[in-house]
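> Spelled out, the chains give:
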Amino acid sequence: MVGGAAAWIAGKWSSILPRYISLGTILLDTIILLTFVARGGLSAGKPWIIEYNADWIPRFGINFHLSMDGLTMLMLFLTFFIGLIAVLISWKEMQEKTGFFHFNILWILAGITGVFLSMDLFLFYFFWEVMLIPMYFLIGIWGNEKRINASYKFFLFTQASGLLMFLAILGLYLVHGSTTGIYTFDYQQLIGTQMSSTMEMLLMLGFLAAFLVKLPVVPFHSWLPDTYTEAPMAGTLILSSVMSKTAAYGLLRFVIPLFPKAVESFAPIGMILGIVGILYGAKLAFAQTDLKRLVAWSSVNHMGFIVLGVFAVNELAYQGVIMQIIAHGVSTGALFVIAGILAERMKTREISVMGGLWTEVPMLGSVGLIFVMASLGLPGMGNFIAEFLILVGTFKSNVALASIASVGLIAGTIYAIRIMQKVFFGKQNSVGKMNDLSVRESIILGAMVIAIFILGLFPRPVLDSAKPAVLKILHANEKTVL
Amino acid sequence: MTKLDFLCLLPLLVVASAPIIMMLTITIARNFKVVYVFSLLMFVAAIASLFFTVPYIPYRIEPLLILDGFSILFLGTVFGVSFLITIISYLYLKNHTGEREEYFIILFIATLGASVLVMANHFVTFFLGLETLSISLYVLIAYLKYRDYSIEAGVKFLVIASVATAFLLFGMALIYAATGEMSFAGVAAAFEEGGLSPVLLAGFAMMLTGIGFKLALVPFHMWTPDIYQGAPAPVSTFIATVSKGAILAVFIRFFIQIDGSQNSVLIVLISVVAILSMFTGNLIALKQSNFKRLLAYSSIAHMGYLMITLLTGTVYGVQAAIFYLISYMVTTLGTFGTISILSVCERDAEDIDDLKGLFWKNPRIAVVLSLCLLSLAGIPLTAGFIAKFYLVLEGVRAGFWILAFSLVINSVISLFYYLRVIKTMFTKSDSERYFGLPPAGGIVLAIVLIGILFLGILPTYLTEFINSFLSL
Numbered sequence: 001m002v003g004g005a006a007a008w009i010a011g012k013w014s015s016i017l018p019r020y021i022s023l024g025t026i027l028l029d030t031i032i033l034l035t036f037v038a039r040g041g042l043s044a045g046k047p048w049i050i051e052y053n054a055d056w057i058p059r060f061g062i063n064f065h066l067s068m069d070g071l072t073m074l075m076l077f078l079t080f081f082i083g084l085i086a087v088l089i090s091w092k093e094m095q096e097k098t099g100f101f102h103f104n105i106l107w108i109l110a111g112i113t114g115v116f117l118s119m120d121l122f123l124f125y126f127f128w129e130v131m132l133i134p135m136y137f138l139i140g141i142w143g144n145e146k147r148i149n150a151s152y153k154f155f156l157f158t159q160a161s162g163l164l165m166f167l168a169i170l171g172l173y174l175v176h177g178s179t180t181g182i183y184t185f186d187y188q189q190l191i192g193t194q195m196s197s198t199m200e201m202l203l204m205l206g207f208l209a210a211f212l213v214k215l216p217v218v219p220f221h222s223w224l225p226d227t228y229t230e231a232p233m234a235g236t237l238i239l240s241s242v243m244s245k246t247a248a249y250g251l252l253r254f255v256i257p258l259f260p261k262a263v264e265s266f267a268p269i270g271m272i273l274g275i276v277g278i279l280y281g282a283k284l285a286f287a288q289t290d291l292k293r294l295v296a297w298s299s300v301n302h303m304g305f306i307v308l309g310v311f312a313v314n315e316l317a318y319q320g321v322i323m324q325i326i327a328h329g330v331s332t333g334a335l336f337v338i339a340g341i342l343a344e345r346m347k348t349r350e351i352s353v354m355g356g357l358w359t360e361v362p363m364l365g366s367v368g369l370i371f372v373m374a375s376l377g378l379p380g381m382g383n384f385i386a387e388f389l390i391l392v393g394t395f396k397s398n399v400a401l402a403s404i405a406s407v408g409l410i411a412g413t414i415y416a417i418r419i420m421q422k423v424f425f426g427k428q429n430s431v432g433k434m435n436d437l438s439v440r441e442s443i444i445l446g447a448m449v450i451a452i453f454i455l456g457l458f459p460r461p462v463l464d465s466a467k468p469a470v471l472k473i474l475h476a477n478e479k480t481v482l
Numbered sequence: 001m002t003k004l005d006f007l008c009l010l011p012l013l014v015v016a017s018a019p020i021i022m023m024l025t026i027t028i029a030r031n032f033k034v035v036y037v038f039s040l041l042m043f044v045a046a047i048a049s050l051f052f053t054v055p056y057i058p059y060r061i062e063p064l065l066i067l068d069g070f071s072i073l074f075l076g077t078v079f080g081v082s083f084l085i086t087i088i089s090y091l092y093l094k095n096h097t098g099e100r101e102e103y104f105i106i107l108f109i110a111t112l113g114a115s116v117l118v119m120a121n122h123f124v125t126f127f128l129g130l131e132t133l134s135i136s137l138y139v140l141i142a143y144l145k146y147r148d149y150s151i152e153a154g155v156k157f158l159v160i161a162s163v164a165t166a167f168l169l170f171g172m173a174l175i176y177a178a179t180g181e182m183s184f185a186g187v188a189a190a191f192e193e194g195g196l197s198p199v200l201l202a203g204f205a206m207m208l209t210g211i212g213f214k215l216a217l218v219p220f221h222m223w224t225p226d227i228y229q230g231a232p233a234p235v236s237t238f239i240a241t242v243s244k245g246a247i248l249a250v251f252i253r254f255f256i257q258i259d260g261s262q263n264s265v266l267i268v269l270i271s272v273v274a275i276l277s278m279f280t281g282n283l284i285a286l287k288q289s290n291f292k293r294l295l296a297y298s299s300i301a302h303m304g305y306l307m308i309t310l311l312t313g314t315v316y317g318v319q320a321a322i323f324y325l326i327s328y329m330v331t332t333l334g335t336f337g338t339i340s341i342l343s344v345c346e347r348d349a350e351d352i353d354d355l356k357g358l359f360w361k362n363p364r365i366a367v368v369l370s371l372c373l374l375s376l377a378g379i380p381l382t383a384g385f386i387a388k389f390y391l392v393l394e395g396v397r398a399g400f401w402i403l404a405f406s407l408v409i410n411s412v413i414s415l416f417y418y419l420r421v422i423k424t425m426f427t428k429s430d431s432e433r434y435f436g437l438p439p440a441g442g443i444v445l446a447i448v449l450i451g452i453l454f455l456g457i458l459p460t461y462l463t464e465f466i467n468s469f470l471s472l
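Residue numbers (this note's numbering), protein chains in the order written: chain C, 1 to 482; chain A, 1 to 472.
These are computed hints drawn from the structure, not numbers from a lab. For glycine and all other residues, C-beta sits at the position ideal for the given N, C-alpha and C. Heads up, a few of these hints could be off.
[Stated by the list, open to error] List of simulated lysine-lysine pairs, DSS-like, C-alpha gap at most 25 Å: (1) Lys-153/C / Lys-283/C; (2) Lys-153/C / Lys-356/A; (3) Lys-153/C / Lys-428/A; (4) Lys-146/C / Lys-423/A; (5) Lys-423/A / Lys-153/C; (6) Lys-361/A / Lys-423/A; (7) Lys-347/C / Lys-422/C; (8) Lys-33/A / Lys-94/A; (9) Lys-287/A / Lys-146/C; (10) Lys-396/C / Lys-472/C; (11) Lys-94/A / Lys-361/A; (12) Lys-356/A / Lys-423/A; (13) Lys-356/A / Lys-428/A; (14) Lys-428/A / Lys-146/C; (15) Lys-356/A / Lys-146/C; (16) Lys-428/A / Lys-361/A; (17) Lys-422/C / Lys-283/C; (18) Lys-287/A / Lys-153/C; (19) Lys-428/A / Lys-347/C; (20) Lys-396/C / Lys-261/C; (21) Lys-467/C / Lys-261/C; (22) Lys-145/A / Lys-33/A.
[Claimed, not checked] Facing chain A, a subset of chain C residues (Cβ under 8 Å, in silico): (23) Glu-129; (24) Ile-133; (25) Ile-141; (26) Ile-148; (27) Tyr-152; (28) Phe-155; (29) Leu-156; (30) Leu-167; (31) Leu-170; (32) Gly-171; (33) Leu-174.
[What the hints assert, rightly or not] What follows is a set of in silico ranges between Cβ atoms, one per label pair, in the way DEER data are often shown: (34) Leu-202/C / Pro-198/A: 38 to 44 Å; (35) Tyr-183/C / Leu-458/A: 16 to 22 Å; (36) Glu-350/C / Trp-360/A: 31 to 37 Å; (37) Gly-442/A / Asn-144/C: 32 to 38 Å; (38) Met-420/C / Ile-402/A: 51 to 57 Å; (39) Asp-351/A / Pro-362/C: 52 to 58 Å; (40) Ile-191/C / Ile-402/A: 27 to 33 Å.
Okay, chain C solo, but in the shape it has when bound (with noise of 0.2 Å):
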């Protein structure tokens, strides 16, 4: 994996077919998760599949830490399966510039998987950032038509929130420096760091200024409908489905474990939030007129049920929160890719020019189906189980939010089904011949069709492989409240 990351830069001098490279590198990637997989196995008793330690700058106690574990690993494969995707989806979109565009694309899930990996807080901050550059080319370079803002509002903001949490990285490296004497990054070491409630309070509070950007969270969600809809495909692909799981994963990682007593004071500001996501991102669902911008806003609402669930803190919420991770990744990326195979036929994203269009793109259409049924959380569809796990969740520990936040399931389906009646039923508009899926794309939607029905219908693997993880953050907090 490590080695990974050089192989990586090969694909940037190679332009002529950049297209197999960074498609090969990610399946190699994937054979060499397996092995890893294969080998280790997921045995209760080993809190790491695997590990890699060596010193970094040891001078400041900052090691090259990784190490996996089933959380890890369900997110890696997450993240290679998009990843596949992406540069399969752009395998025509782009015609200039492939090899720059594939070096950002193998740089970006280089950054995402050094921060999955990452067991150091210094090492994670500095992966949080590489991902970011090449995304802003990405962006900036081969976006739609107000493609300059979009990236300008992308990088400042998560950049901006990231220094943040930089400074409570920093503090609390000093913190437990001073009370133990060994200053160190090391995850594992800095857990239980004694302090003060405001300092805990303080540096909780950078974490989450870094992880609720870019979720995002409501009041922080500005810059998210411009940078989704301004993307290119491949980019708005990683953007919703990997990128954003980046703070959903180090909201259960690093901020639950290292400061429980201020999660536990936050709690229920942190769920409030999640409960206006949820009804907010519907309500704007709603009102779009934009079909990426839509999709967009649906992904603010299924976020929402992310953070209610991180902060119900409790077994069942977190194994809903990862569910939910997997299957929004799909779900949601899926539709992107629906919207943009749309856009690419019709050269509009209009919602009202569209209509109709199931007699002409049958097979488009009824991807479509499954995939506004997945998001609107229809049982036997992964997104089911996640919502449901989460309420569940919730439900132990507020039953009143629960109660609210259920409302939001039913606000997510009439924007959901208003996508299907206002795009491929109803009066048809004239729109002139139009192809149906080709075998690549068919190849595409296909896999994640799949992929939603078997996490739907059969969650139990991931269910068990990301149980350790989840007990071991939750047994973390247990530890130091004691």
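Place chain A on chain C using the hints.
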């Protein structure tokens, strides 16, 4: 003067002898290339001479100079950067007509001034070095005399630098009046004994003003953009790297010796200056359409960042400062080096629009320049990130949360304009301009590239290196 004295002065002597020999050769026959190659050789010799002195440090040449790990580090940096600037200057001046040989002579004299500064341990050498440096800079700035801007910039620098010198000198005089001492150690002792009397405070404030002018800290920064813009690009490089670095070095030495970080008045003064510099530099840079002016304002901000380390007053702070300075110098070498390489005879490639389409025409230059700008902005994988991290860490450790916080805010602001430049390089342009990269320029840029990435990914080597020298 003992033999050992002589040996330890060797680096200075090498640098001092070079201009004399060059002047003599010029009287016999003018040859631009010969002078250029000779300069390069002399810089190599100067760097080599540092190795002879290492076993004897710390060595004092009473009462004026001191050769310790700190000076050796800075001497090495000054010589190395000057070496690269010489290459850039050659490429820049190659196509110019007229008498170009003297340029290298003056460059050497300026380097000599900077070297004396980093070894200074006494007000006399402080002043001597500074003046040697400044006076040569007047000439260098106005060197391309057929350009209107050059003369204007030269005169402006002359006036401003003289005022700054006057302040500095007056400050030194006041301190001398109050303490009766002129060596750094003597002043420090007197300061510790008697505390901060009004006269002494006035003296420090005057000195701070003078140094503030030289380092272009707000509110003494007005000259920087004009000079950066007016001077030939390699000279701007020299001012931004060697000149400022050397002045900062002597300032750090003085400040640490008098233990200024223990004095609340000085802390407040410098904090205010630092915060003002950060914000003013970055906010004005947002509006610039001239790349040189943009870099000038960004350098004001960077000097503001560096002030944080000064306040920590610890050996860690000094390490952070050296690390930051070295990475800043490498990066600046890259940005101004690119401008120099892209410049044509009539004018410098100083508008941001001159860079339009660079990425599509010469991706190698564009990649290096992008990396430099990202390093200035402090993005991971580059030297600038580790440097900033080091700075913030030491700042926070010493308890300067406000300063660290404004550094963070300013990093975000600065991203705006760095990204704007990068974006320009990626926009397509229809102009027929050709962007060539001569081999020697390629080598300089390659060194910059490797330097930035190396410091950004494996900073340990440099931190340990700095550490080992400082503990000598």
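> Could one say that the CB atoms of Leu-202/C and Pro-198/A fall in the range 38 to 44 Å?
holds, 40 Å
> Would the hint linking Lys-428/A and Lys-361/A be met if the CA-CA limit is 25 Å?
Answer holds: Lys-428/A to Lys-361/A is near 9 Å, not above 25 Å.
> Please check whether Ile-148/C passes as an interface residue: C-beta within 8 Å of a C-beta belonging to chain A.
With a closest approach of 7 Å, the Ile-148/C hint holds.
> Against chain A, is Leu-167/C within 8 Å by beta-carbon distance?
holds, 6 Å
> Hint check: Lys-396/C vs Lys-472/C, CA-CA at most 25 Å. Holds or violated?
holds, 20 Å
> Once the shortest beta carbon distance from Ile-141/C to chain A is found, is it less than 8 Å?
Ile-141/C check passes; min Cβ-Cβ to chain A is 6 Å, inside 8 Å.
> Tell me if the beta carbons of Tyr-183/C and Leu-458/A are separated by a distance inside 16 to 22 Å.
This hint holds: roughly 20 Å between Cβ atoms.
> Keeping to a limit of 25 Å between CA atoms, is the pair of Lys-146/C and Lys-423/A held or broken?
Between Lys-146/C and Lys-423/A the Cα gap is close to 14 Å, so the pair holds against 25 Å.
> Verify the interface restraint on Glu-129/C: the C-beta must sit less than 8 Å from at least one C-beta of chain A.
Cβ of Glu-129/C sits 4 Å from chain A, so the hint holds.
> Hint check: Lys-428/A vs Lys-146/C, CA-CA at most 25 Å. Holds or violated?
holds, 16 Å
> Please test the hint of 52 to 58 Å on the beta carbon pair from Asp-351/A and Pro-362/C.
holds, 56 Å
> Have a go at the Leu-170/C hint: is there a Cβ in chain A nearer than 8 Å to its own Cβ?
holds, 5 Å
Violated hints: none; the structure is consistent with every hint.
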